[in-house]
Amino acid sequence: SQKIEQNSEALNIQEGKTATLTCNYTNYSPAYLQWYRQDPGRGPVFLLLIRENEKEKRKERLKVTFDTTLKQSLFHITASQPADSATYLCALDRDSSYKLIFGSGTRLLVRP
Amino acid sequence: NAGVTQTPKFQVLKTGQSMTLQCAQDMNHNSMYWYRQDPGMGLRLIYYSASEGTTDKGEVPNGYNVSRLNKREFSLRLESAAPSQTSVYFCASSASTGASNQPQHFGDGTRLSIL
Chain A
1 SQKIEQNSEA LNIQEGKTAT LTCNYTNYSP AYLQWYRQDP GRGPVFLLLI
51 RENEKEKRKE RLKVTFDTTL KQSLFHITAS QPADSATYLC ALDRDSSYKL
101 IFGSGTRLLV RP
Chain B
1 NAGVTQTPKF QVLKTGQSMT LQCAQDMNHN SMYWYRQDPG MGLRLIYYSA
51 SEGTTDKGEV PNGYNVSRLN KREFSLRLES AAPSQTSVYF CASSASTGAS
101 NQPQHFGDGT RLSIL
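Chains as they are written, first to last, in our numbering: chain A, 1 to 112; chain B, 1 to 115.
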């Protein structure tokens with residue numbers, strides 16, 4: 001069956017360091033991968049989208065990679081700040097449809 | 001712009017009661033979605049509406065019904081609530097029909113407890 005895995009353990013890092021979050025998937029061939037941020041008590045907010053033929057995408061301090069051979073996406077936040085503390089969700093399109101399948105998210109804690 | 005607005009924000013029901021969760025978007029989006037989010041399980045799609053006038057089942061539709069009232073509004077109904085439906089419910093919308101390269105815009109959720 002189709003499966004998305006994100007590390008369920010929180011990632012705890014020092015302010016100023018680079019945070020790297022992982023999204024692995026199996027039994028998929030997604031055309032697109034999206035990353036969202038979710039704060040407690042709020043809905044997810046879209047951050048970045050990367051296509052299968054793109055290796056890397058950047059937006060300000062954010063960088064996403066998409067390796068279709070490894071079936072993995074990495075999400076990087078450089079020069080992390082306490083305000084970056086949140087849960088980050090990855091999502092893949094289901095069979096190239098407009099329906100998304102979401103991972104369960106990884107919580108990031110950035111210590112001042 | 002408000003984006004996606006969900007009402008109510010919180011609700012407690014007794015087993016067997018019914019209720020309707022409301023969702024409205026002001027972005028002129030074609031597609032709308034209902035998800036539930038449970039601890040450790042991620043967002044799961046309940047129903048979606050690709051465009052006004054159409055609805056279809058998602059991953060976990062049992063126990064729910066939906067209505068796409070118009071382009072702006074998409075409601076989710078629990079006909080006979082069960083404790084297993086205790087969850088946080090999110091409504092989302094996206095611009096295009098049939099395009100997976102569109103970001104989804106979410107409301108802030110309805111926290112529903114079934115006793």
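Among these hints, one or two may not hold up.
[To be verified] The calculated lysine to aspartate or glutamate pairs, modelled on DMTMM-like cross-linking and capped at a C-alpha distance of 20 angstroms, are: (1) A/Lys-99 <-> B/Asp-56; (2) A/Lys-99 <-> B/Asp-38; (3) B/Lys-57 <-> B/Glu-73.
[Claimed, not checked] Quick list of simulated restraints, FRET-style, between CB atoms: (4) B/Thr-15 <-> A/Gln-72: 32 to 38 angstroms; (5) A/Leu-70 <-> B/Glu-52: 26 to 32 angstroms; (6) B/Asp-38 <-> A/Gln-72: 23 to 29 angstroms; (7) B/Asn-65 <-> A/Arg-111: 45 to 51 angstroms; (8) A/Gln-72 <-> B/Pro-8: 37 to 43 angstroms; (9) B/Thr-5 <-> A/Leu-74: 45 to 51 angstroms; (10) A/Pro-82 <-> B/Arg-111: 22 to 28 angstroms.
[To be verified] Pulled from the structure, derived: some chain A residues nowhere near chain B, Cβ distances all over 12 angstroms: (11) Gln-6; (12) Ser-8; (13) Leu-11; (14) Asn-12; (15) Asn-27; (16) Glu-56; (17) Arg-61; (18) Asp-84; (19) Ala-91; (20) Arg-111.
Calculated from the structure, these hints are not laboratory results. Quick reminder that beta carbons are idealized off the backbone N, C-alpha and C, glycines included.
Against the structure, the hints come out as follows:
Restraint check for A/Lys-99 and B/Asp-56: the C-alpha separation of about 11 angstroms stays at or below 20 angstroms, so the hint holds. Pair hint A/Lys-99 plus B/Asp-38 holds up; C-alpha atoms about 19 angstroms apart against a cutoff of 20 angstroms. Distance restraint check for B/Lys-57 and B/Glu-73: the Cα-Cα separation of roughly 17 angstroms lies within the 20 angstroms cut-off, and the hinted pair is therefore satisfied. B/Thr-15 and A/Gln-72 have their C-beta atoms about 43 angstroms apart, which leaves the hinted 32 to 38 angstroms range violated.
Between A/Leu-70 and B/Glu-52 the beta carbon distance is about 40 angstroms. The supplied range of 26 to 32 angstroms is therefore violated. With their beta carbons about 25 angstroms apart, B/Asp-38 and A/Gln-72 fall inside the hinted range of 23 to 29 angstroms. Look at B/Asn-65 against A/Arg-111: about 46 angstroms separates their beta carbons, and that is inside 45 to 51 angstroms. A hinted range of 37 to 43 angstroms for the beta carbons of A/Gln-72 and B/Pro-8 is consistent with their spacing of about 39 angstroms.
In this structure the supplied range 45 to 51 angstroms is violated for B/Thr-5 paired with A/Leu-74, their Cβ-Cβ distance being about 34 angstroms. Distance hint for A/Pro-82 and B/Arg-111: a CB-CB separation of about 26 angstroms, consistent with the stated range 22 to 28 angstroms. Against chain B, the non-interface label of A/Gln-6 is violated: not every CB pair exceeds 12 angstroms, the least being about 8 angstroms. Its closest Cβ contact with chain B, about 7 angstroms, brings A/Ser-8 to no more than 12 angstroms, contrary to its assignment away from the interface.
The non-interface label for A/Leu-11 is consistent with chain B: the shortest C-beta to C-beta separation is roughly 16 angstroms, beyond 12 angstroms. Every Cβ of chain B is farther than 12 angstroms from the Cβ of A/Asn-12; the closest lies at roughly 19 angstroms, confirming the non-interface assignment. The Cβ of A/Asn-27 sits about 15 angstroms from the closest Cβ of chain B, beyond the 12 angstroms cut-off, so the non-interface label holds. Listed as outside the interface, A/Glu-56 is consistent with that label: its C-beta sits roughly 17 angstroms from the nearest C-beta of chain B, beyond the 12 angstroms cut-off.
Once the 12 angstroms rule is applied to beta carbons, A/Arg-61 is consistent with being away from chain B; the minimum gap is 19 angstroms. The claim that A/Asp-84 lies off the interface holds: its Cβ sits roughly 19 angstroms from the closest Cβ of chain B, which is beyond the 12 angstroms cut-off. Its beta-carbon lying about 8 angstroms from the closest one in chain B, A/Ala-91 breaks the requirement of being farther than 12 angstroms from that chain. Every CB of chain B is more than 12 angstroms from the CB of A/Arg-111 (nearest about 24 angstroms), matching its label as outside the interface.
Hint check: violations occur at hints 4, 5, 9, 11, 12, 19; the rest are consistent with the structure.
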